[in-house]
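J.: Residue numbers (full-length UniProt numbering), protein chains in the order written: chain A, 1 to 321; chain B, 1 to 321.
Simulated from the structure, these hints should not be mistaken for laboratory data. Note that this is a predicted model, so its numbers are computed, not measured. A couple of the hints might just be wrong.
Just so you know, same-sequence chains aren't split out, so a pair can sit in one copy or run between any two.
DSSO-like, lysine-lysine: derived pairs with alpha carbons at most 27 Å apart [to be verified]:
hint, residue 1, residue 2
1, Lys28, Lys253
2, Lys55, Lys296
3, Lys55, Lys28
4, Lys205, Lys55
5, Lys55, Lys253
6, Lys253, Lys296
2 protein chains.
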Amino acid sequence: MAVYTEVTDADLRAFLARYDLGDILSFKGIAEGVENSNYLLQTDRGQYILTLYEKRVERNELPFFVNLMEHLASRGIPCPTPVHSRDGETLQELNDRPAAIITFLDGLWPRRIHPFHCRELGHHLAHLHLAGSDFAGHRRNRLSIDGWRNLLDACRARADEVFSGLGAELEEELQELEARWPDDLPSGIVHADLFPDNVFFRDEKLSGLIDFYFACNDFYAYDVAICMNAWCFEPDGAFNATKARLLLGAYRKVRPFSQPELDALPLMARGSALRFLLTRLYDWLNHPPGAFVDPKDPLEYWRKLRFHRDIPGPGAYGLEP
Amino acid sequence: MAVYTEVTDADLRAFLARYDLGDILSFKGIAEGVENSNYLLQTDRGQYILTLYEKRVERNELPFFVNLMEHLASRGIPCPTPVHSRDGETLQELNDRPAAIITFLDGLWPRRIHPFHCRELGHHLAHLHLAGSDFAGHRRNRLSIDGWRNLLDACRARADEVFSGLGAELEEELQELEARWPDDLPSGIVHADLFPDNVFFRDEKLSGLIDFYFACNDFYAYDVAICMNAWCFEPDGAFNATKARLLLGAYRKVRPFSQPELDALPLMARGSALRFLLTRLYDWLNHPPGAFVDPKDPLEYWRKLRFHRDIPGPGAYGLEP
Chain A
1 MAVYTEVTDA DLRAFLARYD LGDILSFKGI AEGVENSNYL LQTDRGQYIL TLYEKRVERN
61 ELPFFVNLME HLASRGIPCP TPVHSRDGET LQELNDRPAA IITFLDGLWP RRIHPFHCRE
121 LGHHLAHLHL AGSDFAGHRR NRLSIDGWRN LLDACRARAD EVFSGLGAEL EEELQELEAR
181 WPDDLPSGIV HADLFPDNVF FRDEKLSGLI DFYFACNDFY AYDVAICMNA WCFEPDGAFN
241 ATKARLLLGA YRKVRPFSQP ELDALPLMAR GSALRFLLTR LYDWLNHPPG AFVDPKDPLE
301 YWRKLRFHRD IPGPGAYGLE P
Chain B
1 MAVYTEVTDA DLRAFLARYD LGDILSFKGI AEGVENSNYL LQTDRGQYIL TLYEKRVERN
61 ELPFFVNLME HLASRGIPCP TPVHSRDGET LQELNDRPAA IITFLDGLWP RRIHPFHCRE
121 LGHHLAHLHL AGSDFAGHRR NRLSIDGWRN LLDACRARAD EVFSGLGAEL EEELQELEAR
181 WPDDLPSGIV HADLFPDNVF FRDEKLSGLI DFYFACNDFY AYDVAICMNA WCFEPDGAFN
241 ATKARLLLGA YRKVRPFSQP ELDALPLMAR GSALRFLLTR LYDWLNHPPG AFVDPKDPLE
301 YWRKLRFHRD IPGPGAYGLE P
């Protein structure tokens, strides 16, 4: 559930006067997205999303995100593209917050994942990686392996509140990942948060990729592993190898995996599982009692981590080598 | 902030198959409305609101609300009209909840009230009252004077937690209203909750009246008084007689007040202030600590009540008799 900054009519009209978007028809807060305030803005020219960036997004990183969306959209990726104001800007101020207007994408995000969703996702994820390869911006992934160490240190003393032994298990896992994490896999711009609520479909076709506010430079295989964790486990916790095979198979048809990438996939999947486990654990241990957002279950990702630790190799993902 | 019932794609598609609305383009939860889950539904035929009725709305009252919207819309009132399914129904089931699709209205609700808003509101409120006069349904106002007694009894013991003496003051006020509340003013269908967030404007013209889920049979002058309290006080608590004059003046041009209605206006305004004071007080005393919705300040309406109690007569509203 989003934080909301209330925008007055007068402020909205003054803001929109900087753009060439015609008359306002409606303006409604959207109950999606946790980090920012998002509004659906309809004018007589079309539909847009107006985003007010709240505190959790760092102001000096906004040009990276906005320029990346523009770059990817210009390369044919179905992602929002920022609308330029009359004076050429894509970032403005509204209610003392940075604000941008981006294009609206049709489609619904899938509440239940079917195999065809995974095939479409793999195809578009590979195109996203290719399209980002000539993007000039660079952003370090603060939620990669050194970020996990910081998170674990912050949670270590209280991790056993979830269950006895969790802290030690996470310490052991992180030490192994620190020892084995590669530094030379193919890398570039990754989305890093491509969960189902960030992917829209119309009928059986992917129609939109949204929410680029975790995008950064990292291993492509790590982005693939994030998707595998987010899309290829059933609600009961079971891994669905058919979905993984379709996701990875569609990906490699567009951007083939190198052998080191293939070999590293289980390790990438463990790292990705640990990353979401740690951020959820942190939120679970630290959420204020009256918060809008219910913390997500950290154990969902603990189970995923265990799965990837216990498999013999990437063949368990339904891949032919 | 609304309660959200998550609707799966498959359930949504099965639900929409009962309607002749074309293909779904998008479906987004709207962060408005507290009682129900509201979604903005876009299809290739147009835009609609899909509402899932949550527990606080009584199921057996839904036909009254839905039929009333249809009746009023057919009389030219700018309110949503329910969409009929292929088999002619306006109420269906979705996710084990009653559900309806209604038409989408353009416009923005005013975050800051200007005098022209009040003039438009008065004009349309009078037309709403006239248009409802031949509506066949009937619904008692459970939040009229006997409902206030129940609310005060539920709050009486703890009212002084707000400030010392509030309980006794409310008891005295309610006793006076019980003694003086009329039973013969012109009455019919009233909206009963026409706050600014339920009224849309395009430019300076009223474009929509929404949220009929408190509509009921009551005195027309009581509905006018609710609007006066909601629209004619400034954020600092000061009564704006210019706004009241425009609201009442535009109203009476369409539906003239009888002399007893005019005389009763201050009493109606006190009753209306007490009604919102009591529901806010009840929510303030009883909201769970982790609730989504911050309780509204009950004292805002205590100050309005005092204003109406202290004026010499309806002339204070800027009216000529």
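J.: Hints first: check each against the structure and report whether it holds.
T.: Right, here's what the structure says about each hint:
no.: 1; hint: Lys28 x Lys253; in the structure: neither (41 Å within a copy, 33 Å between copies)
no.: 2; hint: Lys55 x Lys296; in the structure: both (21 Å within a copy, 25 Å between copies)
no.: 3; hint: Lys55 x Lys28; in the structure: both (21 Å within a copy, 24 Å between copies)
no.: 4; hint: Lys205 x Lys55; in the structure: neither (35 Å within a copy, 36 Å between copies)
no.: 5; hint: Lys55 x Lys253; in the structure: neither (40 Å within a copy, 50 Å between copies)
no.: 6; hint: Lys253 x Lys296; in the structure: neither (34 Å within a copy, 56 Å between copies)
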